[in-house]
Amino acid sequence: KTDAPTNTWCRAPGSTEAIAMVENIMEHIAHETGLCPLDVRMINLQKDHKMHQLLPQFRKDVEYDSRKRAIEDFNASNRWKKRGIAIVPAQFITEYLGVLSTIVSIFYGDGTVAVTHGGIEMGQGINTKVAQVTAFVLGIPLEKVSVKPSVSFTSPNSFGTGGSVTSEAVSYAVKKACEMLLDRMKPIRKDNPNATWETIVQKSYAKHIDLCAEAAFSQLDIPEYLIPALGCAELEVDILTGNVQVLRYDILEDVGESLSPGIDVGQIEGA
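Heads up: the sequence shown runs through residues 1 to 271, numbered per my numbering.
What the hints contain is simulated information worked out from the structure, not anything from laboratory work. Nothing here was measured: the structure is a model prediction, and the numbers come from that model. Built from N, CA and C at the ideal position, the CB exists for glycine as well. Watch out, some of these pointers could steer you wrong.
[Said to hold, decoys possible] Computed Cβ-Cβ distance ranges for the label pairs, DEER-style: (1) M42 to F136: 36 to 42 Å; (2) R59 to A195: 50 to 56 Å; (3) L97 to H208: 25 to 31 Å; (4) R189 to R11: 47 to 53 Å; (5) E257 to E143: 34 to 40 Å; (6) I25 to G162: 29 to 35 Å; (7) G256 to R59: 45 to 51 Å; (8) Y108 to A12: 45 to 51 Å; (9) S77 to D48: 39 to 45 Å; (10) E143 to G242: 49 to 55 Å; (11) D110 to K207: 16 to 22 Å; (12) E198 to D48: 28 to 34 Å.
Please model the entire structure based on the sequences and the hints provided.
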């Protein structure tokens, strides 16, 4: 008998098993041919894949080759503990589904802004991103924005929150609503170029401009796209007990222009 982890069900996308199979096949090819597993993977990538740009720099940044040599020396001098290192490139497709609506309301008394949307905050930071996008598009301080609880009365028929896409989808809807409000207030801004936000809002209210806008995100608004990423893991295994320790793990993900870097880094670390 060996001291190995038990096997059980895993709640995950159905592609997980297929990915594991292909990765094992490439590892087997590399082992049988004596090639570097990383080189085998790169040979099998499309010629125009962005990974050809990301991987060489990542390999250099994590000092992969020098660490690999150090690990080989460690393994040669240690019988009961062994180490390994590997870089695995990955990509995930972002697929948008359904409709998500939002309402942005500006209050003339103090220029504060309230937002409600069809997503659900469950600790992933969707409300923070919504508030940040609202403040950025309107050009106002973040403290002037508040996000109200999601209710089906103001955001009916919204698609379920999940798949790591709802924050981006709702933020897109918020951006649309804010741009509608800015367009309505454009004549006031033109006549008062040096006025404060609060003054612009009050003058807009005095001109009977609607300071509430509703917009919705549809899966037809943004095309799906690929997110490339790289992971480098260094592990140590105790041959006698089977205990495995992760000594170091480096991650590179191309997130484009992040809506909220702090949240996105936290999501990557948490995963």
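Here is how each hint holds up against the structure:
1. Separated by about 38 Å at the C-beta atoms, M42 and F136 satisfy the suggested range of 36 to 42 Å.
2. Checked against the given bound of 50 to 56 Å, the beta carbons of R59 and A195, roughly 53 Å apart, stay inside it.
3. Between L97 and H208 the beta carbons are some 38 Å apart, a value that contradicts the proposed interval 25 to 31 Å.
4. Checked against the hint of 47 to 53 Å, the C-beta distance between R189 and R11 comes to roughly 50 Å, which is consistent with it.
5. About 23 Å separates the C-beta atoms of E257 and E143, a value inconsistent with the hinted range of 34 to 40 Å.
6. The supplied range of 29 to 35 Å is met by I25 and G162, whose beta-carbon atoms lie about 30 Å from each other.
7. Distance hint check for G256 and R59: the Cβ-Cβ separation is about 22 Å, which falls outside the suggested range of 45 to 51 Å.
8. Separation of Y108 from A12 is about 49 Å and conforms to the stated range, judged on CB atoms against 45 to 51 Å.
9. Restraint check, S77 to D48: a C-beta distance of roughly 44 Å satisfies the suggested window 39 to 45 Å.
10. In this structure the hint that E143 and G242 lie 49 to 55 Å apart at CB holds, the actual value being about 53 Å.
11. Range check, D110 to K207: Cβ separation about 18 Å, and the 16 to 22 Å hint holds.
12. For E198 paired with D48, a C-beta distance near 51 Å fails the hint of 28 to 34 Å.
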